[in-house]
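S.K.: So the chains spell out like this:
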Amino acid sequence: MNFVHTMETFVEGKKKILLILLAVFLIALPYMLNSQYLVTVAVKIGSYTLLALGLNVLTGYTGLVSLGHAGFVAIGAYTSSLCAVKLGMNFFASMILGMVVAGLAGVLLGLPTMRVTGTYLSIITLGFGEIIKMIAMNWSSVTNGTLGVKNIPRPSIFGYDLTIANNGLYYLMLVLVLITTLFCIAVVKSKTGRAFQAIRADELASTMMGINITSYKILSFVISACICALGGALYASLIGYIDPNTFNFDVSTLILSIVILGGMGTIRGMFVGAAILIAFPEVSRFLMEYRFVLYGVILVLMMRFRPQGIMGWKSTMPYRLSKNVKEQVEKMDKNAPLNLLNETKG
Amino acid sequence: MAEKEVLLKVDNITKRFGGIVAVDHVSCTVRKGEVVSIIGPNGAGKTTVFNMLTGVYEVDEGEIIFNGNPIHNKDPKEIVAAGISRTFQNIRLFSDLRVIENVLIGAHIKTKYNFFQSVFRTKKFREEEDKKTAEAIQLLKSIGLDYRRDDYASNLPYGEQRKLEITRAIATGAQLILLDEPAAGMNPQESAELMEFINKLKDQGYTILMIEHDMSVVMNVSDRIYVIDHGKPIAEGLPEEIANNPKVIEAYLGGVQNDAEDQ
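Sequence lines, in order, name chains A and B.
Counting from 81, one number per residue, gives the positions in the first sequence under this note's numbering.
Counting from 59, one number per residue, gives the positions in the second sequence under this note's numbering.
Any given hint could turn out to be false.
To be verified - The calculated DSSO-like cross-link candidates involving lysine-lysine, where the alpha carbons are at most 30 angstroms apart (straight line), are:
no., chain 1, residue 1, chain 2, residue 2
1, B, LYS258, A, LYS411
2, B, LYS181, A, LYS411
3, B, LYS182, A, LYS403
4, A, LYS96, B, LYS258
5, A, LYS94, B, LYS170
6, A, LYS403, B, LYS260
7, A, LYS394, B, LYS305
8, A, LYS411, B, LYS290
9, A, LYS269, B, LYS135
10, B, LYS135, A, LYS411
11, B, LYS181, A, LYS269
12, A, LYS406, B, LYS67
13, B, LYS199, A, LYS403
14, A, LYS411, B, LYS199
15, A, LYS96, B, LYS135
16, B, LYS305, A, LYS406
Stated by the list, open to error - Every beta carbon over 10 angstroms from chain A, so not counted as near; a handful from chain B, in silico:
no., residue
17, ASN100
18, ALA139
19, ARG144
20, ALA192
21, ILE195
Think of the hints as simulated: they come from the structure by calculation, not from any bench.
Since the model is a prediction, treat every value here as computed from it, not as a measurement.
Think of the CB as a built atom: it goes at the ideal place given N, C-alpha and C, for glycine as much as any other residue.
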């Protein structure tokens with residue numbers, strides 16, 4: 081705990097410099113790697129970071145475990161790829177359309193939360209993932225069935241194609257991850273995020289605080305679905321070919337593993353989790369098939385010795401107050417009457 | 059003493075679970091600024107009454123009027139918005155969140171900005187968030203919990219967790235606060251502090267309806283007491299009247315009246 085405090089104090093004190101260093105490092109990374117293969121791995125890590133950030137809103141913050149998030153990824157990937165391939169739409173427009181469709185699916189999947197909780201809900205999400213896969217497999221006229229969608233065009237900005245070779249895809253990934261991260265922070269540090277965490281901690285108590293549990297759970301599903309669809313769209317344009325098996329149950333468990341390994345209910349953990357779980361199979365190729373045994377062993381040891389996840393500590397830093405609030409606190413009188421909150425009811 | 063305005067009027071409410079009548083035509087009245095206690099042996103139906111008041115259970119018969127408006131069979135969130143808030147028999151804090159976050163969640167319904175305003179960090183969001191945070195800190199200061207502001211709720215000692223739960227209930231802006239066995243599991247010193255705290259709330263004009271087993275707390279802070287047993291109301295009155303009521307003594311001790319008089 082003390083180590084965490086020392087580290088957090090250090091990071092907090094040198095925040096600006098560290099952020100600049102990180103930004104410089106990330107921007108310069110493709111030139112340092114100087115290999116298309118490694119850049120591809122980096123973009124893959126970025127895509128999975130997006131997926132993990134999406135699932136984290138639902139599982140980490142709201143406490144609803146989903147085993148079918150590959151379904152949302154598939155919706156995002158299929159919608160954007162099909163719009164791009166068949167209708168010739170721009171990547172960004174089709175990506176947003178994919179997010180909208182996934183968001184609607186999120187509302188649908190969120191509806192059972194009115195009645196079902198816990199494990200039962202997880203089973204429903206598991207079913208959802210399989211249903212989406214089956215639709216992709218059998219709705220041949222649109223999805224091209226098991227043959228999949230081929231030749232997915234690369235995103236382009238003003239006629240300039242973003243590819244791995246010119247690092248365009250890498251920078252696109254960086255921008256998308258940055259926007260999503262800022263979005264997640266904004267959601268978490270607001271009454272919406274507090275309501276999510278309250279629901280995770282105690283549903284009955286949350287109801288008694290006047291929180292509309294059902295609508296917040298559905299909102300959580302929708303946010304989660306949209307972010308995963310974004311990740312799916314990026315992933316599809318990275319690999320250029322998708323078929324129903326690209327989004328099987330393994331993808332759902334991989335996303336969940338990233339969230340758990342990184343640290344549920346933390347944003348920092350998603351980057352670390354994705355980096356470890358995506359890079360590991362790549363760096364351990366020399367182990368051949370045994371790498372998946374080692375992969376399993378790491379996860380088991382993790383659950384035994386650090387169930388809260390690698391980055392899953394509780395912050396020891398004080399609750400951040402804005403300058404305005406700090407000034408007001410200075411002036412406060414501790415003997416002021418208790419009913420202050422009622423007076424300001426307005 | 060002039061009669062104060064009636065804040066809560068419970069009129070003959072009944073709750074059945076299958077064939078069991080858990081609460082049988084219970085009535086009570088709470089006036090502004092009063093501390094009223096509901097007592098009764100275990101399983102008497104006290105918590106069921108609270109659950110009906112807060113909308114957790116539906117009311118089978120009878121009505122509940124709060125501030126002149128019927129609130130029975132309304133949604134819990136509407137009842138909170140109307141101004142009733144509660145604590146729980148076993149503490150139900152958001153234990154992995156900080157003390158101040160718990161209070162801010164209490165202020166949830168009064169925090170007026172929408173989702174998009176928070177995502178884009180608009181001026182409205184910043185002002186409202188600052189205002190609510192400052193109010194939460196002021197509330198914690200007045201209650202004497204501010205030195206724990208950044209702690210996680212689970213790290214607080216038992217007495218302070220109870221206090222925080224009450225603080226969270228106050229933060230909803232409630233006029234009527236329902237306390238479900240606030241002194242349960244407290245040592246004598248903690249319950250003495252609790253009594254002082256409840257009296258302080260009363261002085262500030264809060265209205266409190268409480269379920270309690272600890273008689274020293276009940277007798278010291280209550281203006282009036284209702285007694286229920288097996289779901290039925292058996293007595294009501296001032297603390298000293300209740301203490302000497304033979305029916306109450308029988309319900310609690312089940313003894314012969316002669317023995318009871320020694321109490």
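S.K.: Run every hint past the structure and note whether it holds.
M.R.: Results of checking the hints against the structure:
For the hint linking LYS258 of chain B to LYS411 of chain A, the alpha-carbon distance of about 23 angstroms falls within 30 angstroms, and the restraint holds. A C-alpha spacing of about 23 angstroms is found between LYS181 of chain B and LYS411 of chain A, which places the hinted pair at or below 30 angstroms, so the restraint holds. Distance check on the hinted pair: LYS182 of chain B and LYS403 of chain A sit about 16 angstroms apart at the alpha-carbon level, within 30 angstroms; holds. Note on LYS96 of chain A and LYS258 of chain B: the hinted pairing is violated, with a Cα-Cα distance of about 46 angstroms set against a maximum of 30 angstroms.
A C-alpha spacing of about 35 angstroms is found between LYS94 of chain A and LYS170 of chain B, which places the hinted pair above 30 angstroms, so the restraint is violated. For the suggested pair LYS403 of chain A and LYS260 of chain B, the alpha carbons sit about 34 angstroms apart, so the restraint of at most 30 angstroms is broken. Only pairs whose Cα atoms come within 30 angstroms are accepted, and LYS394 of chain A paired with LYS305 of chain B is rejected, the gap being roughly 53 angstroms. Distance restraint check for LYS411 of chain A and LYS290 of chain B: the Cα-Cα separation of roughly 52 angstroms exceeds the 30 angstroms cut-off, and the hinted pair is therefore not satisfied.
Taking the CA atoms of LYS269 of chain A and LYS135 of chain B, the gap is about 22 angstroms. The hint holds against a cut of 30 angstroms. With a C-alpha separation of about 34 angstroms, the suggested pair LYS135 of chain B and LYS411 of chain A falls outside the 30 angstroms cut-off, and the hint is violated. Restraint check for LYS181 of chain B and LYS269 of chain A: the C-alpha separation of about 15 angstroms stays at or below 30 angstroms, so the hint holds. Only pairs whose Cα atoms come within 30 angstroms are accepted, and LYS406 of chain A paired with LYS67 of chain B is rejected, the gap being roughly 43 angstroms.
For the suggested pair LYS199 of chain B and LYS403 of chain A, the alpha carbons sit about 19 angstroms apart, so the restraint of at most 30 angstroms is met. Among the hinted pairs, LYS411 of chain A with LYS199 of chain B is consistent with the structure: their alpha-carbon atoms are about 12 angstroms apart, no more than 30 angstroms. For a cut-off of 30 angstroms, the pair hint linking LYS96 of chain A to LYS135 of chain B is broken: about 42 angstroms separates their Cα positions. Simply put, LYS305 of chain B and LYS406 of chain A have alpha-carbon atoms about 57 angstroms apart, too far for the 30 angstroms limit, and the pair is violated.
Separation of ASN100 of chain B from chain A is adequate, the least Cβ-Cβ distance of about 21 angstroms exceeding the 10 angstroms criterion. The non-interface label for ALA139 of chain B is inconsistent with chain A: the shortest C-beta to C-beta separation is roughly 6 angstroms, within 10 angstroms. Not every C-beta of chain A lies more than 10 angstroms from that of ARG144 of chain B, the closest at about 6 angstroms, which undercuts listing it as non-interface. For ALA192 of chain B, the condition that its CB be more than 10 angstroms from all CB atoms of chain A is violated, with the nearest at approximately 4 angstroms.
A cut-off of 10 angstroms between C-beta atoms contradicts the statement that ILE195 of chain B is not in contact with chain A; the least separation is 5 angstroms.
Comparing the model with each numbered hint stated earlier shows that hints 4, 5, 6, 7, 8, 10, 12, 15, 16, 18, 19, 20 and 21 do not hold.
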